[in-house]
Amino acid sequence: MGINFVPKEEKFFDYLNMQAENLLKAASFFKTAVKDGVLDEGEVRKMSDLEHEGDTLGHEITDMLNRTFITPIDREDIYTLSNGLDNVLDLLNAMAGRISLYKINPADEYFAQLVDLIDQSAAALAGAVKHMPDTKRQRRVLDYCIEVNRLENLGDSVREKAIGHLFETEKDPMAVIKWKEIYETAEGALDNCEHVAKLIESILVKHG
Amino acid sequence: MGINFVPKEEKFFDYLNMQAENLLKAASFFKTAVKDGVLDEGEVRKMSDLEHEGDTLGHEITDMLNRTFITPIDREDIYTLSNGLDNVLDLLNAMAGRISLYKINPADEYFAQLVDLIDQSAAALAGAVKHMPDTKRQRRVLDYCIEVNRLENLGDSVREKAIGHLFETEKDPMAVIKWKEIYETAEGALDNCEHVAKLIESILVKHG
Amino acid sequence: MGINFVPKEEKFFDYLNMQAENLLKAASFFKTAVKDGVLDEGEVRKMSDLEHEGDTLGHEITDMLNRTFITPIDREDIYTLSNGLDNVLDLLNAMAGRISLYKINPADEYFAQLVDLIDQSAAALAGAVKHMPDTKRQRRVLDYCIEVNRLENLGDSVREKAIGHLFETEKDPMAVIKWKEIYETAEGALDNCEHVAKLIESILVKHG
Numbered sequence: 001m002g003i004n005f006v007p008k009e010e011k012f013f014d015y016l017n018m019q020a021e022n023l024l025k026a027a028s029f030f031k032t033a034v035k036d037g038v039l040d041e042g043e044v045r046k047m048s049d050l051e052h053e054g055d056t057l058g059h060e061i062t063d064m065l066n067r068t069f070i071t072p073i074d075r076e077d078i079y080t081l082s083n084g085l086d087n088v089l090d091l092l093n094a095m096a097g098r099i100s101l102y103k104i105n106p107a108d109e110y111f112a113q114l115v116d117l118i119d120q121s122a123a124a125l126a127g128a129v130k131h132m133p134d135t136k137r138q139r140r141v142l143d144y145c146i147e148v149n150r151l152e153n154l155g156d157s158v159r160e161k162a163i164g165h166l167f168e169t170e171k172d173p174m175a176v177i178k179w180k181e182i183y184e185t186a187e188g189a190l191d192n193c194e195h196v197a198k199l200i201e202s203i204l205v206k207h208g
Numbered sequence: 001m002g003i004n005f006v007p008k009e010e011k012f013f014d015y016l017n018m019q020a021e022n023l024l025k026a027a028s029f030f031k032t033a034v035k036d037g038v039l040d041e042g043e044v045r046k047m048s049d050l051e052h053e054g055d056t057l058g059h060e061i062t063d064m065l066n067r068t069f070i071t072p073i074d075r076e077d078i079y080t081l082s083n084g085l086d087n088v089l090d091l092l093n094a095m096a097g098r099i100s101l102y103k104i105n106p107a108d109e110y111f112a113q114l115v116d117l118i119d120q121s122a123a124a125l126a127g128a129v130k131h132m133p134d135t136k137r138q139r140r141v142l143d144y145c146i147e148v149n150r151l152e153n154l155g156d157s158v159r160e161k162a163i164g165h166l167f168e169t170e171k172d173p174m175a176v177i178k179w180k181e182i183y184e185t186a187e188g189a190l191d192n193c194e195h196v197a198k199l200i201e202s203i204l205v206k207h208g
Numbered sequence: 001m002g003i004n005f006v007p008k009e010e011k012f013f014d015y016l017n018m019q020a021e022n023l024l025k026a027a028s029f030f031k032t033a034v035k036d037g038v039l040d041e042g043e044v045r046k047m048s049d050l051e052h053e054g055d056t057l058g059h060e061i062t063d064m065l066n067r068t069f070i071t072p073i074d075r076e077d078i079y080t081l082s083n084g085l086d087n088v089l090d091l092l093n094a095m096a097g098r099i100s101l102y103k104i105n106p107a108d109e110y111f112a113q114l115v116d117l118i119d120q121s122a123a124a125l126a127g128a129v130k131h132m133p134d135t136k137r138q139r140r141v142l143d144y145c146i147e148v149n150r151l152e153n154l155g156d157s158v159r160e161k162a163i164g165h166l167f168e169t170e171k172d173p174m175a176v177i178k179w180k181e182i183y184e185t186a187e188g189a190l191d192n193c194e195h196v197a198k199l200i201e202s203i204l205v206k207h208g
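First to last, the sequence lines map onto chains A, B and C. Quick note on my numbering: the first sequence kicks off at 1 and runs consecutively. Quick note on my numbering: the second sequence kicks off at 1 and runs consecutively. Quick note on my numbering: the third sequence kicks off at 1 and runs consecutively.
Fair warning: there could be bad hints in the mix.
[Claimed, not checked] Listed below are the simulated BS3-like cross-link pairs for lysine-lysine, each with C-alpha atoms no more than 27 Å apart in a straight line:
| id | chain 1 | residue 1 | chain 2 | residue 2 |
| --- | --- | --- | --- | --- |
| 1 | C | Lys206 | B | Lys198 |
| 2 | A | Lys180 | A | Lys103 |
| 3 | C | Lys171 | B | Lys161 |
| 4 | B | Lys171 | B | Lys11 |
| 5 | A | Lys11 | C | Lys198 |
| 6 | C | Lys198 | A | Lys130 |
| 7 | A | Lys25 | A | Lys35 |
| 8 | C | Lys206 | B | Lys206 |
| 9 | B | Lys161 | C | Lys35 |
| 10 | B | Lys25 | A | Lys180 |
| 11 | A | Lys25 | A | Lys46 |
| 12 | A | Lys198 | B | Lys25 |
| 13 | B | Lys161 | B | Lys31 |
| 14 | B | Lys130 | A | Lys206 |
| 15 | B | Lys46 | B | Lys35 |
| 16 | A | Lys171 | B | Lys171 |
| 17 | A | Lys198 | C | Lys206 |
| 18 | A | Lys46 | C | Lys161 |
| 19 | A | Lys206 | B | Lys11 |
| 20 | A | Lys180 | C | Lys103 |
| 21 | C | Lys25 | C | Lys11 |
In case anyone wonders, no lab produced these hints; they're calculated from the structure.
Please model the entire structure based on the sequences and the hints provided.
What follows is the structure, encoded as structure tokens:
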């Protein structure tokens, strides 16, 4: 398709962008999938496929880093950012695996709230990553990061209520162990979104 | 108050110092608050207020980093140090929240020991941060860091005993789940103190 | 013993190598020790001794970093690598401590698989660290890192099966709590091996 005049280094942002979009796709899919109270085999596999897609994008970024001399931001920051996005998707996929393994009905009010927060958080991260290369939009990138922090704080308080409710109403210790882990994994996904946001902030700080 | 002749970059240490002092304040307050076996609503709120104070200091440091060209140590190290202190305070506040949520009596011998170690560790961190800018006191800073490591090792062994005792004496699985989490969060706070100490060591190493 | 002509900076790799070999020694010892279904006091102490040996090597590396001006790779990367190897050994030692504390029979099929994966992973890390200084063997180093990632993925799926089986067959919540923690700590050790592998990859990336 002719010579590519786009400077090579911009490709890194393209790939980070694809990774963030893939994460958002997985979060939105998961949110819809758990709504009906059943996470069927096909849905679990779909989550696993999206996770592999994320892994592949991550490996492509690493390979590109190994072949490229000049990078738009520090090589290790690109690497850590890519890994951070990957960690969130890993936790989403782990949640799908646990729901299926524990054979539990995921139609739970608190869980739905947490999954919705993860979806919003993934959307904010995708927005932040998308605008990172645009040096005139740094304020907007920062706003997305602040939004991720806000969502993580909300998630903390939802998890708090969820676990309080769990101990008050659930008499079976096995069910408590299972749901506690699922709530905590959801909050862990939000935590990891916040780590990525903080990393993006620190990259802006470094180039500020 | 006249012109400020203190070079701008020293302000970073002032703010890190305020953050470390705020953490120490929270640790000491918590230690006293749990002693009587009740963590009342006002005490939980006070912990939450101190946590917000820590957050605000952290944000001020990030803003300062965004406005300042020259920093005394690497920008990302200031940022990571500030975040590390914040993580310890988050865990202290999480412990307060859990004790309140689980409606448990915090007057437990092992828990008191762990909370005391956190208080000592916060004091050592405050000492380390305070002396960081004084290039003649690097040995002292290192000694504080070693002290934090020592306290973390002690904490490991207290938590070990606590959990052993818990499984031997507590017959209610719900209570085991709750206390196990609280002991582990306390040990997690000590772990995070150690991370901060290791970060300070690594900053000294880099400038060594 | 005469003048040492080996350039000073190569010593860092010698020490990292010793640390990786010490980790492998501990992993292999642990694998053998748990096989007979009893982890006796002497074996627990041996694990603790190997962990202390690792700590000592880590401190020697930090001291060397404090005394050395020129390092073969970034000072903080040497430091983080040494810490990462230490974290894996800490978790191995923690597992030994828990098995002893919980008085459980470690002769469990899933646990044996996880411990075997840790042993293989430690061997791959030792291989990667050993070849790091040889600039002509970077491809081999990368292959070892990919192997560590592969083993971690296997570990994820073993832990998944282990926990599924646990909830299906074990009726005592206390035993579930104990074994769940042990399986998760084993998987945590594999995760930490992967962190070290990713760190090594990122060092290659930086110097690529």
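Taking the hints in turn, this is what the structure says about them:
1. With a C-alpha separation of about 23 Å, the suggested pairing of Lys206 (chain C) with Lys198 (chain B) holds against the 27 Å cut-off.
2. This hinted pair checks out: Lys180 (chain A) and Lys103 (chain A) have alpha carbons roughly 15 Å apart, not beyond 27 Å.
3. The straight-line distance between the Cα atoms of Lys171 (chain C) and Lys161 (chain B) is roughly 26 Å, inside the 27 Å bound, and the hint therefore holds.
4. Restraint check for Lys171 (chain B) and Lys11 (chain B): the C-alpha separation of about 53 Å exceeds 27 Å, so the hint is violated.
5. This hinted pair checks out: Lys11 (chain A) and Lys198 (chain C) have alpha carbons roughly 22 Å apart, not beyond 27 Å.
6. Between Lys198 (chain C) and Lys130 (chain A), the direct Cα distance comes to roughly 25 Å. Compliance with the 27 Å bound is thereby established for this hinted pair.
7. Among the hinted pairs, Lys25 (chain A) with Lys35 (chain A) is consistent with the structure: their alpha-carbon atoms are about 16 Å apart, no more than 27 Å.
8. A distance of roughly 17 Å separates the Cα atoms of Lys206 (chain C) and Lys206 (chain B); the hinted pair therefore holds under the 27 Å criterion.
9. Between Lys161 (chain B) and Lys35 (chain C) the alpha-carbon distance is near 26 Å, which keeps this suggested pair within the 27 Å criterion.
10. Pair hint Lys25 (chain B) plus Lys180 (chain A) does not hold up; C-alpha atoms about 31 Å apart against a cutoff of 27 Å.
11. Of the pairs offered as hints, the one joining Lys25 (chain A) and Lys46 (chain A) holds, with about 11 Å between alpha carbons and a cut-off of 27 Å not exceeded.
12. The straight-line distance between the Cα atoms of Lys198 (chain A) and Lys25 (chain B) is roughly 26 Å, inside the 27 Å bound, and the hint therefore holds.
13. A threshold of 27 Å between alpha carbons decides the hint, and for Lys161 (chain B) with Lys31 (chain B) the separation of about 20 Å falls inside it, so the pair holds.
14. For the hint linking Lys130 (chain B) to Lys206 (chain A), the alpha-carbon distance of about 24 Å falls within 27 Å, and the restraint holds.
15. For a cut-off of 27 Å, the pair hint linking Lys46 (chain B) to Lys35 (chain B) stands: about 16 Å separates their Cα positions.
16. The suggested pairing of Lys171 (chain A) with Lys171 (chain B) holds, with an alpha-carbon distance near 15 Å, which does not exceed 27 Å.
17. Restraint check for Lys198 (chain A) and Lys206 (chain C): the C-alpha separation of about 22 Å stays at or below 27 Å, so the hint holds.
18. This hinted pair checks out: Lys46 (chain A) and Lys161 (chain C) have alpha carbons roughly 20 Å apart, not beyond 27 Å.
19. Our distance criterion of 27 Å between C-alpha atoms is met by Lys206 (chain A) and Lys11 (chain B), whose separation comes to about 18 Å.
20. At roughly 25 Å between alpha-carbon atoms, Lys180 (chain A) and Lys103 (chain C) fall within 27 Å of each other, so this suggested pair holds.
21. A distance of roughly 21 Å separates the Cα atoms of Lys25 (chain C) and Lys11 (chain C); the hinted pair therefore holds under the 27 Å criterion.
The structure does not agree with the numbered hints 4 and 10 stated previously, though it agrees with the rest.
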